[in-house]
Amino acid sequence: MGWLSKSLNSSIGKKIVMAVTGLSLILFLTVHFINNMFLFFGKEVFDTLVGSLDAVKPIVRVAEVVLLLLFGFHIFNGIRLWWENRKANPDKYYIDASKENSTFFSRTMPYTGGILLVFLIGHLATVWVKFNFGMEGTHHYYDAVAEIFQFLPTTIFYVIVMIVLGFHINHGFQSAFQTFGWYHKKYTPLVEFIGTAYAVVLAVGFSAIPIYFFIRSMGGN
Amino acid sequence: MEEHNINLTLKIWRQASATAKGNFEEFKVSVSPHASILEMFDEINNNLEKEGKDPIVFESDCREGICGTCGLVVNGHPHGSKKHTATCQIHMRSFKADETIYVEPFRAAAFPVLKDLMVDRTGLDIVQQAGGYVSVNAGSAPDANAIPIAKEIASLALDAAECIGCGACVAACKNSSAMLFVSAKVSQFALLPQGQAERYERVQNMVIAHDESGFGSCTNTYACEAECPKGISISNIARMNRDYFVSNMKLQE
Amino acid sequence: MITLDSKVPEGKLSEKWTNHKFNMKLVNPANKRKFDIIVVGTGLAGAGAAATLGELGYKVKAFTFHDSSRRAHSIAAQGGINAAKDYQNDGDSVYRLFYDTIKGGDFRAREANTYRLAEVSNNIIDQCVAQGVPFAREYGGTLANRSFGGAQVSRTFYARGETGQQLLLGAYSSLNRQIKLGNVDMYHRREMLDVVVVDGKAKGITVRNLLTGEVESYTAQAVVLATGGYSNVFFLSTSAMLSNATAAWRAHKKGAAFANPCYTQIHPTCLPQHGEGQSKLVLMSESLRNDGRIWVPNIVGEKRPVSEIPESDRDYYLERRYPSFGNLAPRDISSRSAKYACDEGKGVNGGNSVYLDFADAINRIGEPAVREKYGNLFEMYENITGENPYNVPMQIYPAPHYTMGGLWVDYNLQSSIPGLFVAGEANFSDHGANRLGASALMQGLADGYFVVPYSIGNYFGSEKPEKSDVNGAEFKAAEESVKESTDKMLSINGKQTVDDIHRKLGDLLIDKVGMSRDEAGLKGVIKNISDLREEFWNDVKVVGKAGEINQNLERAGRVADFLELGELMAVDALDRDESCGAHFREEHQTDEGEAVRNDEDFAYVAAWEYEKAGSWKLHKEDLKFESVELATRSYK
Chain A
1 MGWLSKSLNS
11 SIGKKIVMAV
21 TGLSLILFLT
31 VHFINNMFLF
41 FGKEVFDTLV
51 GSLDAVKPIV
61 RVAEVVLLLL
71 FGFHIFNGIR
81 LWWENRKANP
91 DKYYIDASKE
101 NSTFFSRTMP
111 YTGGILLVFL
121 IGHLATVWVK
131 FNFGMEGTHH
141 YYDAVAEIFQ
151 FLPTTIFYVI
161 VMIVLGFHIN
171 HGFQSAFQTF
181 GWYHKKYTPL
191 VEFIGTAYAV
201 VLAVGFSAIP
211 IYFFIRSMGG
221 N
Chain B
1001 MEEHNINLTL
1011 KIWRQASATA
1021 KGNFEEFKVS
1031 VSPHASILEM
1041 FDEINNNLEK
1051 EGKDPIVFES
1061 DCREGICGTC
1071 GLVVNGHPHG
1081 SKKHTATCQI
1091 HMRSFKADET
1101 IYVEPFRAAA
1111 FPVLKDLMVD
1121 RTGLDIVQQA
1131 GGYVSVNAGS
1141 APDANAIPIA
1151 KEIASLALDA
1161 AECIGCGACV
1171 AACKNSSAML
1181 FVSAKVSQFA
1191 LLPQGQAERY
1201 ERVQNMVIAH
1211 DESGFGSCTN
1221 TYACEAECPK
1231 GISISNIARM
1241 NRDYFVSNMK
1251 LQE
Chain C
2001 MITLDSKVPE
2011 GKLSEKWTNH
2021 KFNMKLVNPA
2031 NKRKFDIIVV
2041 GTGLAGAGAA
2051 ATLGELGYKV
2061 KAFTFHDSSR
2071 RAHSIAAQGG
2081 INAAKDYQND
2091 GDSVYRLFYD
2101 TIKGGDFRAR
2111 EANTYRLAEV
2121 SNNIIDQCVA
2131 QGVPFAREYG
2141 GTLANRSFGG
2151 AQVSRTFYAR
2161 GETGQQLLLG
2171 AYSSLNRQIK
2181 LGNVDMYHRR
2191 EMLDVVVVDG
2201 KAKGITVRNL
2211 LTGEVESYTA
2221 QAVVLATGGY
2231 SNVFFLSTSA
2241 MLSNATAAWR
2251 AHKKGAAFAN
2261 PCYTQIHPTC
2271 LPQHGEGQSK
2281 LVLMSESLRN
2291 DGRIWVPNIV
2301 GEKRPVSEIP
2311 ESDRDYYLER
2321 RYPSFGNLAP
2331 RDISSRSAKY
2341 ACDEGKGVNG
2351 GNSVYLDFAD
2361 AINRIGEPAV
2371 REKYGNLFEM
2381 YENITGENPY
2391 NVPMQIYPAP
2401 HYTMGGLWVD
2411 YNLQSSIPGL
2421 FVAGEANFSD
2431 HGANRLGASA
2441 LMQGLADGYF
2451 VVPYSIGNYF
2461 GSEKPEKSDV
2471 NGAEFKAAEE
2481 SVKESTDKML
2491 SINGKQTVDD
2501 IHRKLGDLLI
2511 DKVGMSRDEA
2521 GLKGVIKNIS
2531 DLREEFWNDV
2541 KVVGKAGEIN
2551 QNLERAGRVA
2561 DFLELGELMA
2571 VDALDRDESC
2581 GAHFREEHQT
2591 DEGEAVRNDE
2601 DFAYVAAWEY
2611 EKAGSWKLHK
2621 EDLKFESVEL
2631 ATRSYK
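Protein chains in written order, with this note's numbering: chain A, 1 to 221; chain B, 1001 to 1253; chain C, 2001 to 2636.
Derived by calculation from the structure, the hints in this document are not laboratory data.
Bear in mind that the values here come from a model prediction, so they are computed numbers and not experimental data.
Note that beta-carbon positions come from the ideal geometry of N, C-alpha and C, so glycine has one too.
Don't take every hint at face value.
In silico DSSO-like pairs for lysine-lysine, Cα to Cα no more than 30 angstroms straight-line [what the hints assert, rightly or not]:
| hint | chain 1 | residue 1 | chain 2 | residue 2 |
| --- | --- | --- | --- | --- |
| 1 | B | Lys1096 | A | Lys92 |
| 2 | B | Lys1053 | C | Lys2545 |
| 3 | B | Lys1096 | A | Lys99 |
| 4 | B | Lys1011 | A | Lys87 |
| 5 | A | Lys185 | B | Lys1151 |
| 6 | C | Lys2180 | B | Lys1250 |
| 7 | A | Lys185 | B | Lys1082 |
| 8 | C | Lys2527 | B | Lys1050 |
| 9 | B | Lys1053 | C | Lys2488 |
| 10 | A | Lys99 | B | Lys1083 |
If we take Cβ atoms under 8 angstroms as the criterion, some of the chain B residues that face chain C in the derived model are [claimed, not checked]:
| hint | residue |
| --- | --- |
| 11 | Lys1021 |
| 12 | Lys1115 |
| 13 | Tyr1133 |
| 14 | Phe1189 |
Just chain A, with the same shape it has in the complex (with noise of 0.2 angstroms):
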């Protein structure tokens, strides 16, 4: 197995990383996405979809195991990336012209991942543990989002937050595909505008969840 860990770890190997686990990742957000979104259909649709989940639990465990990994793989990957890149060109230009030949979303992809690595963390320690372990035997997922989005600041953060998912997608979606060499003149544009797309839809997505609840707290009380 000495060639896989060194194709792997390779420039061109960790790009492959990056790119399996970051589809990957984007086929989880999907999932995740189409889940949340049975939030604006009430509270009894959403609790009841949540609460099935318990019947399968075994099945849930095992791919929140394998998410993990390809989360783990993709920071670990990111990380070193980023740290590695930085040793490789430690002097920048007096003058910064990177403006002029690169994406503004291209060149942050690292400090998007940071950002997102926070969320990440902050995200699991509150609503995962909240609804996997929380919920002291009750099904009303519902009311803890709720309860979640009734404070302005963390409705805020969940907001930039999910801007910030946007750019990191709309990068990494095309770019998953050039690192598979997934290249044509005539497609490229077709791939990158999906990209764009998928991200705009998720940014206004999700964030329209936290901006929703508030609202409604605003209003409810």
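Place chains B and C on chain A using the hints.
Quick look at chains B and C alone, frame taken from chain A:
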């Protein structure tokens, strides 16, 4: 062609040796708009020499944009901001009167500064030595027309082969990655029938040599393509990635 | 004392090379690794030779003063490379390529060498294609050809306008392979400053490490110089900034005869000088003359802008003087005529440039058609000059760009120093007094891939040269003399910079030893150059130190050599009291201004032996033409 000289302020990077600390030195010049930027440097140097001062060390040779020797970072752009031109093809008429111009060397850990604006690009040669060839001895070639090559393929291969090895891709990359450079050579041979026999060993060996030479990893920002004086396309990087992936699956070891 | 023996093999012209290859001594494969070879220069000839010698199993040390072997000036050749493949079925043959080349050289080349060049031309194309050189192709996938330089057949292989680049990168890739295999040790950033001769044989070189300033010596049983031409003696030329004659010149001073130094080609369609600060000249493809009309204002001191000069005040001088050939007159005539017009004061704005006007072509075939044919050249012109040639006529002026002269070599490409071989533009052998288009690349690769590798084996097999000690007296002496001259240059501390003096030399040469020459001018300029050399050694200012990166010092050494070579060019031009090819003596021309050769007295190679600065002894190698009849070039 009768136009007046333009006055410029230059901030030029001076660094006595690889280990010395560098800084910008200011020059006020009045230069013909028809002169190239390197001719302006020649004139500054001629004056410095007259005064008994050390001239600014910079490299250049063909001054036609093909040899890849020159490479200055002008206002943050390797080879200046004009697309598809090398440093030697920058003419002073592209600057505004009284502008301040910053000139720096290529910066990358793999390109240590030797003196002033001159850097060491040995890493690029090492990458080529690792596999940038078809193993054919002089005298053993079949007739040149024995293998037909589609016009489009030959043309794509030439697009890649036009790389002048200047290192601007490395200088432009925020990660100092030389992937555009590596992929240009990998692509040229991956496209042509002559390159097939060693296709997968080549990409393996060249990528390993790239990594060992201290270049960073590509993160697909495409700054390389934007700054490349020959307009080498990132589609070459995609082709190399694909070949690298396949090579890992295919090769016996 | 030099004796010239061309060592041309006996037999029919077409069988000489084959027979010679058979008669050559061979080196047993197992013994090859016991032989060290130094190759200086990594252009087409040098990289080709180093790679091929490595493939054969010799231990090669290759040297370049560049940071990478890929930077050699072969890379800048645009047009193409000739070969007698006859892929177009248009009647080409090895003999026809040979004949065109020797006729193009105005019958001043050695027949056997030129024939061999044509003979191996086909192998070159095969080799390059096998290396992965992406030549232009037809839709069916076969190689494309174009016609070039007035040849009547289509035999030029090309890769867009970058043929030299692609061929050099091919040779560079072969060289890299041998470096990886450990057969070639590559030394970058080393400038050769002397050849070391031990017991009459070339046994090594002395170089300056351009990064540290250290003087280093390397030993070998044979030395190959592939260090290019000397056009930069003119200061302004189409050569690269660093191109120089130092390696060849230092070898010359150690006993290698220098042949035909006055044969320097001046290309008619280059961009004119824009001002004082000009560093080099840029060549534009000659194909522009197919549709462009060349003219100058009829009035000396014309001040009107070009659009206001009426037809009646324009002098289409080529069309006027050569009605049948017009703007397509050959390179030398075209170059000279431009010079005459400008010397009369009719140049654009009284300066040194003439108009190349496409207005008629645009009227006739339309701008899109012109764009289709010349778009990339027009773009290049606009990029450099800032003027749009679709609206304003181009301005052009001739510029030095190739030197047919060089170190004298025999049929084996061995110089008059045994063990010192010279390949490519650095030698004199194949082009005579004038080089045809698309044949410089051909010669570089022929010498590198297919000639030097054979003849060095023969040298080893027959002469069995011993290894020399790098600490021997001859090496130490060479190092000392290099250091001495370096210290001398650094200590003068005069008032003129190296470039100032180089420019003066260039002005003298282009004026008197350029496109046209005459006795009085040559006699005068010999004296002027000699004086300028004095000026250099008394008044030059070279800054910095010897033990560091010092580009000023590098240039100073090269200019010091140009100051001697320039004089020899004039001496040779004076000796050659005839006109031939690129060497045009005012005294010898027809009424139409065409060159008049004197085959009776001057069908020889002038090989000059160095005695001391400013003093040479002439040796003549008579040129025997067994297969071709000497004809007069005619452009009627």
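> Hints broken by the structure, by number, lowest first?
Replying inline: 11
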